[in-house]
Amino acid sequence: MSAETTGEKSLDEVMGGTFRDISIPPRPEILDLIGREMRQEWPDFKKLAGYISADVGLSASLIKTVNSPFFGFRARAKTVTQALTMLGLEVSARAVAGLILRKVFGDTPNLERFWDSSAAVARWGGWVVQQIGVRDQTRSEDAYTFGLFRDCGMPVLMRKFSTYHATLALANGDSERRFTSIEEEHHPTNHAMVGCLLAQSWWLPEETCLAIRHHHDYVSLQLASEGLPPASRRLISVAQFAEHIHQQVTGLCLTREWDKMGEACLQVLGLDESDAEKLVEAAKEERLDEES
Amino acid sequence: MNSSGIDALTGFLDRQACLRAVTRLAEHAQRDSRPLTALWLNLDRFNKVNESFGLSGGDTLIAQMAERMREKVRNRAHMARMGSDEFILLVTDCNEDISQGFAGEILQLIRQPLELGSIRLHPTGSIGVAVLDYNESPVSLIERAGRAMVEAKRQGGNRFVLSGEEQQPGRLGVMLAREELEVESKLHRALELGGLYLHYQPIIRLDGRVEAVEALMRCDVDGEMVPPVKFIPVAEKTGLVVRLGEWSLMQAARQAKELDDSGFPTKVAVNVSRAQLTAPKFAQALHAALLCTDVLPSLIELEITESLFMDVSELVQLNLRAAINAGVSLAIDDFGTGYSCLATLKDIPASKLKIDRAFIISLPHDGRVFSVVKAITQLGRELGMTVVAEGVETEEQLNALKAAGVDAIQGFYYSKPIGGNSLMEWLQQRSLP
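Chain order of the listed sequences is E and L.
For the first sequence, position 133 matches number 133 in our numbering, and the numbering has no gaps at all.
For the second sequence, position 34 matches number 34 in our numbering, and the numbering has no gaps at all.
Heads up, a few of these hints could be off.
What the hints assert, rightly or not - In silico EDC-like cross-links for lysine to aspartate or glutamate, where the CA-CA straight-line distance does not exceed 16 Å:
| hint | chain 1 | residue 1 | chain 2 | residue 2 |
| --- | --- | --- | --- | --- |
| 1 | L | 186 | E | 184 |
| 2 | E | 160 | L | 347 |
| 3 | E | 47 | E | 32 |
| 4 | L | 186 | L | 105 |
| 5 | E | 260 | E | 217 |
| 6 | E | 160 | E | 184 |
| 7 | L | 374 | L | 407 |
| 8 | E | 103 | E | 90 |
| 9 | L | 281 | E | 217 |
| 10 | L | 281 | E | 185 |
| 11 | L | 281 | E | 226 |
| 12 | E | 260 | E | 176 |
| 13 | L | 186 | L | 224 |
| 14 | L | 186 | E | 41 |
| 15 | L | 153 | L | 165 |
| 16 | L | 416 | L | 382 |
| 17 | L | 281 | E | 41 |
Stated by the list, open to error - These stretches of chain E come out as covered by chain L in the derived footprint (C-beta under 8 Å, 3 or more residues):
| hint | stretch |
| --- | --- |
| 18 | 34-40 |
| 19 | 215-221 |
Said to hold, decoys possible - Computed Cβ-Cβ distance ranges for the label pairs, DEER-style:
| hint | chain 1 | residue 1 | chain 2 | residue 2 | range |
| --- | --- | --- | --- | --- | --- |
| 20 | E | 286 | L | 416 | 26 to 32 Å |
| 21 | E | 282 | L | 135 | 44 to 50 Å |
| 22 | E | 230 | L | 135 | 34 to 40 Å |
| 23 | L | 188 | E | 274 | 26 to 32 Å |
| 24 | L | 237 | E | 29 | 30 to 36 Å |
| 25 | E | 263 | L | 298 | 44 to 50 Å |
| 26 | L | 135 | E | 163 | 53 to 59 Å |
| 27 | L | 261 | E | 226 | 37 to 43 Å |
| 28 | E | 54 | L | 181 | 34 to 40 Å |
| 29 | L | 237 | E | 112 | 41 to 47 Å |
Derived by calculation from the structure, the hints in this document are not laboratory data.
Each residue gets a CB set at the ideal place from its N, CA and C atoms; glycine is no exception.
Just chain E, same shape as in the assembly (with noise of 0.2 Å):
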């Protein structure tokens, strides 16, 4: 997330905190389980469950995200195996993914905010494709494990760096230059490109990816000559747009992002100026960010 508020606190404030402690798994074993299942011609459900419900507070999660409001279903899932076939072993794989990178940053001191914050645009992402319909392959499911991972870089740069936070404030003020261009000012690579590679190693889609990577890519997203997927440019607009929309709904606004990247994301997503402050008042009244 390009530096969202958190309440009382900046994010800066809140990052720079104690988490240069927290340690980002390079690929958590279990993701290599499902993927290795998952590559089955005939996948085993209930040998994908035991791996699962083997870690109580994953199989817990896993239930009460199929449960939540935002899939839709009305039965409800009360096992891991029911949770899987609901769910289908995809979507499933990413929401795992999902869980665990909760784990990793919500359980951490300082940084359930930051978490807080991708959950926050990962919620309004699915609802905006709900709203505008799938296109290029886009599901709301697929906008909300992007929204979750799309800044997951931020706090290895943080761990690594003690002047990260300094440099999140600077690129967060620039309405004119990349986010990405100004890390790189100050560090050796950028969270965009850190946040790719452990998604890829996590084995997410490669459109997502590849969205991660350029998400502050104006460029890449403007011209499709750039050779970005229609998928990718997709979901980094529609990120940006739950970005813009979370920022109207709190009131609380410390990126340009938008200033620099909303029209361009508006013309992928072929919304216009006032198609999207419809949706901006729709959201209002949907109150998601209240939502756990």
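Assemble the complex: chain E is given as a structure, and chain L must be docked to it using the hints.
What follows is chain L alone, placed relative to chain E:
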């Protein structure tokens, strides 16, 4: 080598020895997932030479052509004479692109005029080129090269034709395109479903210590292995090679970190492709992998072919410098097979030089190859590099390399490439008193 397997006129392998050689090389190529190319060469209008100058005239022409090829091709290919004016060259570790350059070189050699009696001849040749397919039999490889040669002749000679690219490709061409698409789709699935993994081949110093392990990519989709010889060319063609390279870098860094944390600090070497080094975000990706995994940069080595080190483009040089600045080390991979400029070797910021397996395969019997290996080793060491010999399979080769003075050995003699878990066990066993 069995003396009865030698063609008396040319000193090349004869037909029987050639069939044995191709069978052995094909086995090695498939086992190691490395390319093997067969070139079938036929002289154009050879009958006319025989008619005009008699059989002895024909023999003189053949012997001279063989001599030219021996000089030029020595160590780069196994050469055989199948009979009359037909030759087969077997080139290991040679993909389709390299083989085209190679076939072009041979044609140029053939084209040099020669005096036969009082006549100045302008010979030409036709070449068919075939690269061994996954699971293909050696006989089928030779047959395809033969068919491509016939096509080269049909097109007027003095040219080479790649198997599968004969005119009117018809079904064959369509199948190749479809196969490529299939491999591409498998690669995408592998990237999303966890079907990629790395195997590691140890590099052992002559004093027995582990110098490093080289990470080699494997792809497994729908329960089926896709060999690197298939997926790497497709990845290069589609641009996926950059993503695969970044993926490898990340996994190798993760493995190095894991080994280090378990008390076995071991350098992990990763191959870096031209596409990666010529991409603008190479340095950022390298740093991202180092940061994500928290690995000590000194435990990562990038293996880069010599031609890339020679690339003077600003971006490549910038990326090489960035890698050095990041704290990783560089190795010159497959040394000796490209077109090195020795004058610039001293400027290469690499700390390791890996002698290509093409040299090692001829040891210890070929004294001239031994001299080359010894000279390369001395050169590398003079320049302060660790010298590694790749593709070492036998004790005789090992002894020859010890005599040549190399620092370390990589190959089946010590270990085939093994999975990450087996690597850990292997290291643990070695550490036992």
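Consistency of the hints with the structure:
1. Of the supplied pair hints, the one linking residue 186(L) and residue 184(E) is violated, its CA atoms being roughly 34 Å apart against a limit of 16 Å.
2. This hinted pair does not check out: residue 160(E) and residue 347(L) have alpha carbons roughly 33 Å apart, beyond 16 Å.
3. A hinted pair counts as satisfied when its Cα atoms are at most 16 Å apart, and residue 47(E) with residue 32(E) qualifies at roughly 13 Å.
4. A C-alpha spacing of about 36 Å is found between residue 186(L) and residue 105(L), which places the hinted pair above 16 Å, so the restraint is violated.
5. Between residue 260(E) and residue 217(E), the direct Cα distance comes to roughly 10 Å. Compliance with the 16 Å bound is thereby established for this hinted pair.
6. Of the pairs offered as hints, the one joining residue 160(E) and residue 184(E) holds, with about 14 Å between alpha carbons and a cut-off of 16 Å not exceeded.
7. In summary, the hint linking residue 374(L) to residue 407(L) is supported, as the alpha carbons are separated by about 12 Å, within the 16 Å threshold.
8. As the CA atoms of residue 103(E) and residue 90(E) are separated by approximately 20 Å, the hinted pair breaks the 16 Å bound.
9. Taken as a hint, the residue 281(L) and residue 217(E) pair is honoured in the structure, with Cα atoms around 13 Å apart against an allowance of 16 Å.
10. The straight-line distance between the Cα atoms of residue 281(L) and residue 185(E) is roughly 14 Å, inside the 16 Å bound, and the hint therefore holds.
11. Restraint check for residue 281(L) and residue 226(E): the C-alpha separation of about 15 Å stays at or below 16 Å, so the hint holds.
12. The suggested pairing of residue 260(E) with residue 176(E) holds, with an alpha-carbon distance near 7 Å, which does not exceed 16 Å.
13. Proximity of residue 186(L) to residue 224(L) is assessed by CA-CA distance (about 10 Å); at most 16 Å being required, the pair is judged to hold.
14. Annotation: proposed proximity of residue 186(L) to residue 41(E) holds, straight-line Cα distance about 14 Å (limit 16 Å).
15. Taken as a hint, the residue 153(L) and residue 165(L) pair is honoured in the structure, with Cα atoms around 14 Å apart against an allowance of 16 Å.
16. Straight-line distance between C-alpha atoms of residue 416(L) and residue 382(L) comes to about 30 Å, which puts the hinted pair past the 16 Å bound.
17. Distance check on the hinted pair: residue 281(L) and residue 41(E) sit about 37 Å apart at the alpha-carbon level, beyond 16 Å; violated.
18. For the stretch 34-40 of chain E, the stated coverage by chain L is satisfied: 6 residues place a CB nearer than 8 Å to a CB of that chain, which reaches the threshold of 3.
19. Check on the stretch 215-221 of chain E: 0 of its residues sit with their Cβ under 8 Å from a Cβ of chain L, so the three-residue criterion for coverage is violated.
20. The hint said 26 to 32 Å for the Cβ distance between residue 286(E) and residue 416(L), and at roughly 59 Å that hint is violated.
21. Against the hinted window of 44 to 50 Å, the Cβ-Cβ separation of residue 282(E) and residue 135(L) comes to about 58 Å, which falls outside the hint.
22. The given range of 34 to 40 Å is respected by residue 230(E) and residue 135(L), whose C-beta atoms sit roughly 37 Å from each other.
23. Against the hinted window of 26 to 32 Å, the Cβ-Cβ separation of residue 188(L) and residue 274(E) comes to about 39 Å, which falls outside the hint.
24. Checked against the hint of 30 to 36 Å, the pair residue 237(L) and residue 29(E) passes, with Cβ atoms roughly 33 Å apart.
25. For residue 263(E) and residue 298(L), the hinted distance range of 44 to 50 Å is satisfied, since their beta carbons lie about 46 Å from each other.
26. Under the hint 53 to 59 Å, the C-beta atoms of residue 135(L) and residue 163(E), about 55 Å apart, fit the expected range.
27. For residue 261(L) and residue 226(E), the Cβ-Cβ distance of about 40 Å falls inside the hinted range of 37 to 43 Å, so the restraint holds.
28. Our hint of 34 to 40 Å for residue 54(E) and residue 181(L) holds, since their Cβ atoms are close to 39 Å apart.
29. Take residue 237(L) and residue 112(E): their Cβ atoms lie about 46 Å apart, and the range 41 to 47 Å holds.
Hint check: violations occur at hints 1, 2, 4, 8, 16, 17, 19, 20, 21 and 23; the rest are consistent with the structure.
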